Amino acid sequence: MKKTGAQILCEGLVREGVEVIFGFPGGAVLPLYDTFPQYPQLRHILVRHEQGAAHAADGYARATGRAGVCLATSGPGATNLVTGIANANLDSSPVVAITGQVATPFIGKDAFQEIDITGITLPITKHNYLVLDVKDLARVVKEAFHIAQTGRPGPVLIDIPRDILQQEVAFAYPENVDLPGYKPKFFGHPAQIKKAAEVINSAERPIIIAGRGVIISGAFAELRELAEKAQIPVITTFLGIGCFPETHVLSFGWLGMHGMAYANKAVHNSDVIVAIGMRFDDRATGMVSAFAPQARIVHIDIDPAEIGKNVRVNVPIVGDVKNVLQALNQQIIPGEHMEWFNQLDKWRQEHPALVIRDSEAVLPQYVIRQIYEVTKGDATIVTGVGQNQMWAGQFFFYDKPNSLISSGGLGTMGFELPAAIGAKVGRPEETVWCIAGDGGFQMTMQELATIVQENLAIKIAIINNGYLGMVRQWQQLFYGHRYVHTQLWGPDFVKIAEAYGIPALRVKDKVEVTPSIEKAIEHNGPFLIDFVVEPEENVFPIVPPGASLIQAIEIPKPEKVTGLG
Amino acid sequence: MAVTKHTLVALVEDRPGVLNRVSSLFRRRNFNIESIAVGHTEQPNLSRMTIVVEGNDAKVEQVRKQLDKVIEVVKIVDITNDNPVARELALIKVKATASTRSEIIQIVDIFRANIVDVSPDSLIVEVTGDEEKVNSLMDLLRGFGIREIARTGSIALTRGGAGPLQVEEVKAPKQLPKPSIREAETPPDW
Ligand SMILES: Cc1ncc(C[n+]2csc(CCOP(=O)(O)OP(=O)(O)O)c2C)c(N)n1
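Respectively, the protein sequence lines represent chains H and F.
First residue of the first sequence: 1, per this note's numbering; consecutive thereafter.
First residue of the second sequence: 1001, per this note's numbering; consecutive thereafter.
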């Protein structure tokens, strides 16, 4: 049977299991919008800015493990997606971005709203397509979802000229893909796995560093089995938070620039590192040349290009984390590292990273901790970027698998609200908290309208310090206390929320923190709390840029605290 | 680690934009291409790229792996240590007067190069060989006055037997590998 390009696209989306599309219309995609009513099973959520569509698709993908779909028109619609696509790319999130393009006869003529979006997104997608023949469309859709969701996931963009959406062709959806150049390795090499087991079995001071690859692979149980069987403490990366229960006895915090000092110390002094689904990002390793000088490193990752990219690796294993760990666990001899554990415990006591100092003010750390206490950890946390993000990582304990959604690789302010939309759409039964900075919130707060239009019961906590807090902190610590353009006037967020029809509270007093959180949760619908927090509070520990992991600046002793606000 | 010249050869699917995908990756990863040459192969739909780059082993290996991730790159190998036969072609337009012409022709003969165009005041010399040979000829001709040069990049094959780039017949439809993304599992039991 013949179908139009627009119908073929919809048929493909339905067959790929797509339930929701985050989009914004325009001329080039009108034939597609005109077709949507024929496919009521495809829910379309109208965002207020295409950046929001891309972040929402990304948040949806992270929350569900399935591809998130965003849609924009040609030209400005497409370019507005770019930040969101880059964000998905750096955090390996399976986003399928669909853009309209000017009709094929106009391509290359600088036509109205023409932009070379495949050129623009070439370095920030896993793959992209410009469809120039409607006969290719079904295959392209099939391939796009396959590439986005397999191997190391990532965004794939499909650019479709308007006339292609309108042309008719016989429709058949391919069963398989034929991509001779794309064959991810799913199983680790047995000889490498054996070598890794030997290294692990002979370790004296082993640690595991687990990243988001564990979450993507769904290897929660396998990671836990490895840790428990071999008795190895688990340190996560920031994006790995939520791959191992943080209240587990073997959980030893997360590493990196704002990681726990004891975790960084453990990494530095370990003799064996089992790095699982992580990529030794510079925010995680600190100065690379000083990273874990005594450690033999076993690195498990599905992307061969990550092996040896940043640090030397002794035993590389390329494969899907879940499969590799299943094979590896069989060769692990139950271990015991009493001396190492005693040492680790001592460090944990010497470096209590997560104390909240005594203060009458509304401390951001306290706000996060209270959200944890009230929800009992049963929530999905979506953060902005900056201090709020680090505190959300530090003061909430993530026991539920995959319960933190945050922009790690790109560090995109403005991610929080639209990504929370995606997370809530993907997990409608879950309590979703959006932890926002007052700076980041102002970048994408137009999506409040989307929340209301779709009646999404997202709870929003603005950590309002009146500053671009993380940048201000750097200015304070590394630029002689000169606060250049980081003080930030903001609107009355309560009135803003109310103008959108969202009930809101302002909290200036410590005693109101907990009741306000309770009230937000009790309210059946979206709710916003503007937490007016201590303006010059800092995130500790902090490893200064360029320093090694053990050179962290820790929480200042009480007498110094006053000076630091 | 020593910085040396490496020769990478890649089989790529013949699709629009492939050369752009490959070459832009070098810039993005902060890596210099010395030369790149592309042409058809014995297999339909596949092109062969020969890329000469400078760098230490680790960096070149990283670039090779990144290029391997380009979906259309079917296979890519570093053949530097396989003693490959490498050739490039150059066309050299050199100034020639009645008094210098015969001397130029002599030099061209020694290099087993060809004269492919003769005009009153210049000659075009065509030379094939490895980089060194082309460079030497150019050095010798420089004295007469070189007007224009066109050089292809190097192309290369490994000697004997099966080459590293032979691809198995992959046409039979295969089972799709299981997607590695699994639905976020619900908490009950870690
Ligand atoms: C889009 C974007 N622009 C700039 C930055 C640089 N940056 C990193 S953190 C930060 C401050 C964020 O301020 P705010 O959202 O108020 O959060 P806070 O740090 O105060 O919690 C800035 C400007 C960024 N990460 N993203």
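The set of hints was computed from the structure by calculation and includes no laboratory data.
Be aware that one or more of the hints could be misleading.
Straight-line alpha carbon distances no greater than 20 Å define the calculated SDA-like cross-link-like pairs of lysine to any residue that follow [to be verified]:
#1 H:K309 - F:K1093
#2 H:K185 - F:I1110
#3 F:K1065 - H:L179
#4 H:K309 - F:D1078
#5 H:K185 - F:A1002
#6 H:K183 - F:R1015
#7 F:K1065 - H:P304
#8 F:K1075 - H:K508
#9 H:K185 - H:D303
#10 F:K1069 - H:D509
#11 H:K3 - H:K183
#12 H:K183 - F:D1068
Quantities reported herein were computed from a predicted structural model and do not represent experimental measurements.
Pair hint outcome, H:K185 versus H:D303 [Cα-Cα no greater than 20 Å]: Answer holds: H:K185 to H:D303 is near 8 Å, not above 20 Å.
Proposed proximity, H:D509 with F:K1069 (alpha carbon, max 20 Å): Given pair F:K1069, H:D509 is violated - Cα atoms ~53 Å apart, limit 20 Å.
Satisfaction of hint between F:D1068 and H:K183, Cα-Cα up to 20 Å: 10 Å, holds
Restraint status (C-alpha distance of F:K1065 to H:L179 at most 20 Å): Holds: F:K1065 and H:L179 sit about 17 Å apart, inside 20 Å.
Restraint check for F:K1065 with H:P304, where alpha carbons must lie at most 20 Å apart: Judged against 20 Å, a Cα distance of about 7 Å means the pair holds.
Given pair status - F:D1078, H:K309, alpha carbons within 20 Å: 17 Å, holds
Pair hint H:K185 and F:A1002, alpha-carbon separation not exceeding 20 Å: 31 Å, violated
Pair hint outcome, H:K185 versus F:I1110 [Cα-Cα no greater than 20 Å]: Not OK: H:K185 and F:I1110 at ~52 Å, beyond 20 Å, violated.
Given pair status - H:K183, H:K3, alpha carbons within 20 Å: This hinted pair is violated, its Cα atoms lying about 31 Å apart.
Distance restraint between H:K183 and F:R1015, which requires alpha-carbon spacing of 20 Å or less: 18 Å, holds
Restraint check for F:K1075 with H:K508, where alpha carbons must lie at most 20 Å apart: 61 Å, violated
Distance restraint between H:K309 and F:K1093, which requires alpha-carbon spacing of 20 Å or less: The given pair, whose Cα atoms are some 45 Å apart, is violated under the 20 Å limit.
In summary, the structure is inconsistent with hints 1, 2, 5, 8, 10 and 11 from the numbered list given earlier, while agreeing with the others.
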